[in-house]
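Protein chains: 4
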Amino acid sequence: MLGINCIGILTSGGDAPGMNAAIRAVTRTALYNGFEVKGIYHGYRGLLNGEIETFRTENVSNIIQLGGTILKTARSKEFQTPEGRRQAFENMQREHIDALVVIGGDGSLAGAREFAAEFNFPIVGLPGTIDNDLSGTDTTIGYDTALNTIMEAVDKIRDTAMSHERLFFIEVMGRNAGFLALNGAIATGAEAAIIPEIATEVDQLAELIQNGFRKSKSSSIVLVAESEVTGGAMGLAERVKQEYPEYEVRVTILGHIQRGGSPTAADRILATRMGEAAVDAIIEGQRNVMVGIQDDKLIYVPFSKAIRDDKPINRDLIQTIKMLSI
Amino acid sequence: MLGINCIGILTSGGDAPGMNAAIRAVTRTALYNGFEVKGIYHGYRGLLNGEIETFRTENVSNIIQLGGTILKTARSKEFQTPEGRRQAFENMQREHIDALVVIGGDGSLAGAREFAAEFNFPIVGLPGTIDNDLSGTDTTIGYDTALNTIMEAVDKIRDTAMSHERLFFIEVMGRNAGFLALNGAIATGAEAAIIPEIATEVDQLAELIQNGFRKSKSSSIVLVAESEVTGGAMGLAERVKQEYPEYEVRVTILGHIQRGGSPTAADRILATRMGEAAVDAIIEGQRNVMVGIQDDKLIYVPFSKAIRDDKPINRDLIQTIKMLSI
Amino acid sequence: MLGINCIGILTSGGDAPGMNAAIRAVTRTALYNGFEVKGIYHGYRGLLNGEIETFRTENVSNIIQLGGTILKTARSKEFQTPEGRRQAFENMQREHIDALVVIGGDGSLAGAREFAAEFNFPIVGLPGTIDNDLSGTDTTIGYDTALNTIMEAVDKIRDTAMSHERLFFIEVMGRNAGFLALNGAIATGAEAAIIPEIATEVDQLAELIQNGFRKSKSSSIVLVAESEVTGGAMGLAERVKQEYPEYEVRVTILGHIQRGGSPTAADRILATRMGEAAVDAIIEGQRNVMVGIQDDKLIYVPFSKAIRDDKPINRDLIQTIKMLSI
Amino acid sequence: MLGINCIGILTSGGDAPGMNAAIRAVTRTALYNGFEVKGIYHGYRGLLNGEIETFRTENVSNIIQLGGTILKTARSKEFQTPEGRRQAFENMQREHIDALVVIGGDGSLAGAREFAAEFNFPIVGLPGTIDNDLSGTDTTIGYDTALNTIMEAVDKIRDTAMSHERLFFIEVMGRNAGFLALNGAIATGAEAAIIPEIATEVDQLAELIQNGFRKSKSSSIVLVAESEVTGGAMGLAERVKQEYPEYEVRVTILGHIQRGGSPTAADRILATRMGEAAVDAIIEGQRNVMVGIQDDKLIYVPFSKAIRDDKPINRDLIQTIKMLSI
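Protein chains in written order, with the UniProt record's numbering: chain G, 1 to 326; chain H, 1 to 326; chain X, 1 to 326; chain Y, 1 to 326.
Isolated chain G, as found in the complex (with noise of 0.2 Å):
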C-alpha cells in the first residue's frame, strides 16, 4: 500500500451538512483498513497549528446526523503563504501522517492541489459544498440538504405570501452558480429563478409577474441567487419597485441557516460512499484526485478539473417553470 500508514482527515471552507458522515465513513473505513487515524481540527490551519489528534471508531460515533463538522473548519491566510505550507507539511511529517483527505469546496481543492505538488504526497479530496459548483460530479456533499432547507423556508413564506397576495423575492446561496436557485424554484413552485449563468432584465422579470398577477395567481415568488452584479434579491426588489411601484414586494434573505440542519438521507449517503471512496482512492495509490459521482459511479476527478468554473446547469429547467407557473 506504498508505504501509507496514517492518513489525516480535514474539513476546509464553508461547512456544508454531510461533512460528518464523510469524516465517519473516511475514519472507519480507514481503521477497517489497517490504517491509522488523524482528525486535523480547523482544516488546514489546523495542520499549520498542529491541533491533531488520533481517531478511533468511537470519536466517529453518532455523528453521522449532525449538521455542520465535528472537525471544524477556518480559513488560513497563512497556508497560502509557500512558508505556511511548508509548515504544515513538517507538522504532517512530525505526526507520521502520509496522506490527506480534504473536505471542502473550490478553494479548499485547490489549497490541496499546491500543496499536493509542492510536496509530493497523496491528497484526496472530497466534494463538501452546498453550492454543487464542482465540475466533474454530479452533486456535492450538502447540496441535497441546502436544496431541502431553502425548499422548506420558501414553503414557509408561501404560506404567508399566499395569506396577503404579495410577490416575493427570496434570496439564496450560490455566487457562482444557479443550482440552488433554479431547482429551488423547481420544488417549490416559484415563478421565477434568477440564476448567474443567465441574465435577467427587470422587464422581463416584470412582464412574467404580471402574467402571473393578471391570471389571478394569490401569490408570487422568485428565487435569486446571491449575486454582486445584480444586487441579489434587495438589488432587485429595488428596481422593481421603481418601476412598478404597484407591487407589494417584500425581501427575504434566508442566510447562514442553508448551511445548517441534520443532513438528507441522500446526502448521508453520498458522503458515506465517497468517504469509503477516499479511502480506496489512497489504497489504490490514487493522488490529487477529487472523489466524483457520475451517472451513480464513484469516480477520480483530478483537482485541476474539478475545480474548473464551468459545471453547467440544465437550462430545461428555465422552461420548465415558465410553463409550470402558468
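Derived from the structure by calculation, the hints contain no laboratory data.
Some hints could be false.
A pair holds if it fits inside one copy or across any two, identical chains being indistinguishable in the list.
Distance condition first, Cα-Cα at most 25 Å in a straight line; then the derived DSS-like pairs of lysine-lysine [said to hold, decoys possible]:
1. K311 - K241
2. K322 - K311
3. K311 - K297
4. K322 - K297
Keep in mind that this is a model prediction, so the values were computed, not measured.
Starting from the known structure of chain G, arrange chains H, X and Y on it as the hints suggest.
What follows is chains H, X and Y alone, placed relative to chain G:
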C-alpha cells in the same frame, strides 16, 4: 340567543399559524350549534367589497394543519374611515351576518372595537399573532409555532457557527414585545437576547461576548428583536464591529419564514379551544371581547384591555440566559 | 447552604426529550452558584456501580437540542432492594455528593422518595416523562415534544388515509393517562380518542365512524392510548372489523419514535426553568420535592403528591372532538 | 399531434409523496401545450364510475408541497375484468379523453398495459411508488421522501436506543425490494439491513450484534424490510430473543407514516420533470411506456420492462454497512 342566526368570520392583519385551526373550530362549533356561517375573505377589505361565502363543514376540512389563512388577509385603509366602516356594516346586513368573529393582532382588534362601538352588534376577537403582544391572555395563536420556527433556524445556524467559531446576530420579529427573542434565546441556549423592554449597551454586550470567548466557547449567538431604535441585528452588528473589529460577526434576519409553517400541537389546540370559546361567547351574549387564556382557563377580555401595550415579559429569564451561557 | 458542596445528577426510567436541556440547566446553575457537579450515568444503576464523573460547563455544551439523555438511563433491580440503596448511598458519600437531582417519571420519583427517606439527604426531582402523568404539575418535560411527534406522524398518515378513504387506528403511548391520545386527537382533527380515563364501547365508536362516513368524510382517524384493557389499537381494530366488516381498517402503532427527537421550544424552556429551580430548591433547603409548574409558576411538590395516580384530564375536550368532527 | 385533444390523468395503487407535484406538472404542461385536461378521481375505479372533472390551472395551484394525492386512489376489482375495462374505456370516450397518464406502481402499470393493449390508445405511465421497485428507472416518485421519513424516525429511535443501550429491529416497507431498508440503514448508520434480496441467518445477525456489543457500542439498530418469509421485524426479533435471551430487544413497525408527508425537493423535482415528460411523450406519439430516469436523463421504458421484477440493489452497500458499524 339574542336573535343571532348567522356568524361571519374573518382574519385580519399579519397572518399567523393556527388561524386555519381557529377558522375550522369557529365554523364547526357554530354549525353544530345551529348557526349559519359565512367566511369573509381578505379581512375587513372583503367585508367592504362583499367577498363573502357561505361556509359548510367541508369548507374547513383538512385545514387544521395548514399555515397561513384560507380566508386570506389584507390591510384596508378604507375601513379606517367612518364611510368605509358604514359600507362594511351595510354589507354585513345585506348578507344577514349578525355577529362577527375577528382573528388577528392588536390593530385588527382595535378596528373591531371601533366598528362594534359604531354599529352596536357583537364582535368577538381571537388573538392571532406570532408576537404574543396582546394583553389579558397568556399566549396568542401562532406564537408557539413561530418560537419553534425560530428555534429550528437558530439550531441550523449554530451548526455552522460552531464549525466556524463565529459570533452571530440573529434578528427575529417582535417590534414591540421581546417574547420571541427572549424565549427563543432560552430555547436555543443563546448567549444573549436584545429586546425592546430592556435597554442594552454595546459595552455590556461586548463584555458578555468577550466572557464567552475567554471561556473558549466555540460560538456565540445573540437573538435580537427587530427594532427601529437599535437598528435590529444589522445596527447592533455594525456597532460591535466598529468597537471590536477583532470579532468575526455575521448577521441573519429570519424574516417572513417566522409567519408560516404548519402550526404546532400547542397552537392547534389553543386555536381550537379559542375558536369554540368564540362561539360560546356569542351564545352567552358576550360582545366586544377577545377570547384569552389565563392559567389554562378560557376567559373573555374587553378589547380595550387586550390592546393595551403593557404585557410584561418574564424578566427572570434574562438572568437565566446569563447563568446558562457560562 | 446547609453544608452542601456537591450536587449529583441522574436521569432514570424512560427517556424523554428535554432531559438534556434539564441536565444542562442543573449543571450550569449549580456551577454558577459555586457547587461542584457530578454526572451519574445509567440512573440509579450508575450510582450503585460508581459510574460517576465530574461535570464542567463543557460537559453540557451544545446538548440543549439533543433528544435522549447524555447521562443514559437504565432500570436497576438492585436499587429496589435495601442493600442496593445502601450501596448507592455509600458510593454517593465516597464521591462527596451531598444532594441529588433525579430526572424521571413516577417510578423514578418513587425510588427517590424511598432513597431519601432511608438516608436523610436532599433529593430534588424533575418531572421527565412524555406521558404527562405526574400530579402537581401542569406539564412534564418531554410531553410537548411527544405530542408534536405524534401530530406530525398522524399528519403523514392522514395524507394517505385521505388518498384511500380509510379508517385508521393509531396507537400512542399513555398506558395510565390519556393526555397524548386526547390532545393528539384535538391537534390532528381526529374523529375520536380512546383513553384509559373513559370507557368506550365498540358500538359508540362505530356509530361515530358511521356518522363520519355518512357525512362523506374522506377519512377517519382514531387515536388510541396503549392499553392492556382494550388491547390498544390492534385489539380495537379487531373488534370493529368483526362487527363491521365493511370498513377498510388500518392500524399503526407509533411506538418508540414518540420518545425521541429534538425537544420543542416549550420543552427546552420548561426543562431549563425547572433545572434552574432544582438548584434553587437545594439552596433554599428544600428536600424530597419534585419541581412542578402551575399556572406558569415554578413550585415544589412533595414526592408523595407527585406520584399520586389521579391527574385529571380536561373532559371538555371529548365534546370538542365530537363537535369538530362533524 | 395524432388527433389528441384531451388528456386524462389518474393516480392508482398505494399513494406516494410527489404524486401531487406530478399531477400539477402534467396538468400545466398539457394546458400550456393546448390540450384539455381531465382529472379522474379514485384511479381506475373513477374511470369506471365516471368520477371525472375538467382541470384548469387553478385545480393544481399550491399542491406541489402536499403529500398524498388530490385525485385520491383506490384499488378496483372490477377494472381487473374485461367488462370493467370496457366500461372504463366507454367512459373515456364519452368524456372525449384521448390519452391517459397513469401515476402508480407496478400493479397500476400492469393494469395500464393490459388496458392499452385491449383498446389501442396511448397511455403513459409515471413511476409513483415509495418502494423504488420499478425497473428501467433509477428512482421512483416518492422513494426519496420515504427514505427521509424512515431516516428521521430512526434518528428519533436512536435517541432512545442510545439512552437505554438496546437492540432495535425497525421494520420498513419494501416487500419485494430492499431499497428502503438498505439505503435507510446506510443513512442512519444502522448495524445491519435485512432485505428480501439477501438471505440472512439469525446466527449471522447475532454475530454481528455481538460484535457491536463487544465493541461497547451504545446501541444497535437493524432495519428490516417487511416480509412474509422472514416474518419481518417481529419474526426476526422473536428468533433472536429465543436464541439470545440476554439481549434487550425492541421492535418498531414504521407502517403508514412512510407513505405520507410533504415530498422532498428531489421528489418534487423528479415528479415535475417526469410529469412534463409524460406530456412530451404523448406529443411525440409515444404510447404504452413509463417515463423513467437514467443517469439524470428522462427516458421512455416499455411497460413490460418497467414491471419486470428484477431491479438490482447495490450490493456493495452491504459491505459498507458492515465496515462502518465497527
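Status of the hints after comparison with the structure:
1. K311 - K241: neither (33 Å within a copy, 37 Å between copies)
2. K322 - K311: Within one copy only: 23 Å inside a chain, 35 Å across chains, cut-off 25 Å.
3. K311 - K297: both (18 Å within a copy, 17 Å between copies)
4. K322 - K297: Classified as between: cross-chain Cα gap 20 Å, same-chain 33 Å, threshold 25 Å.
Hint 1 from the list above is the single one not met by this structure.
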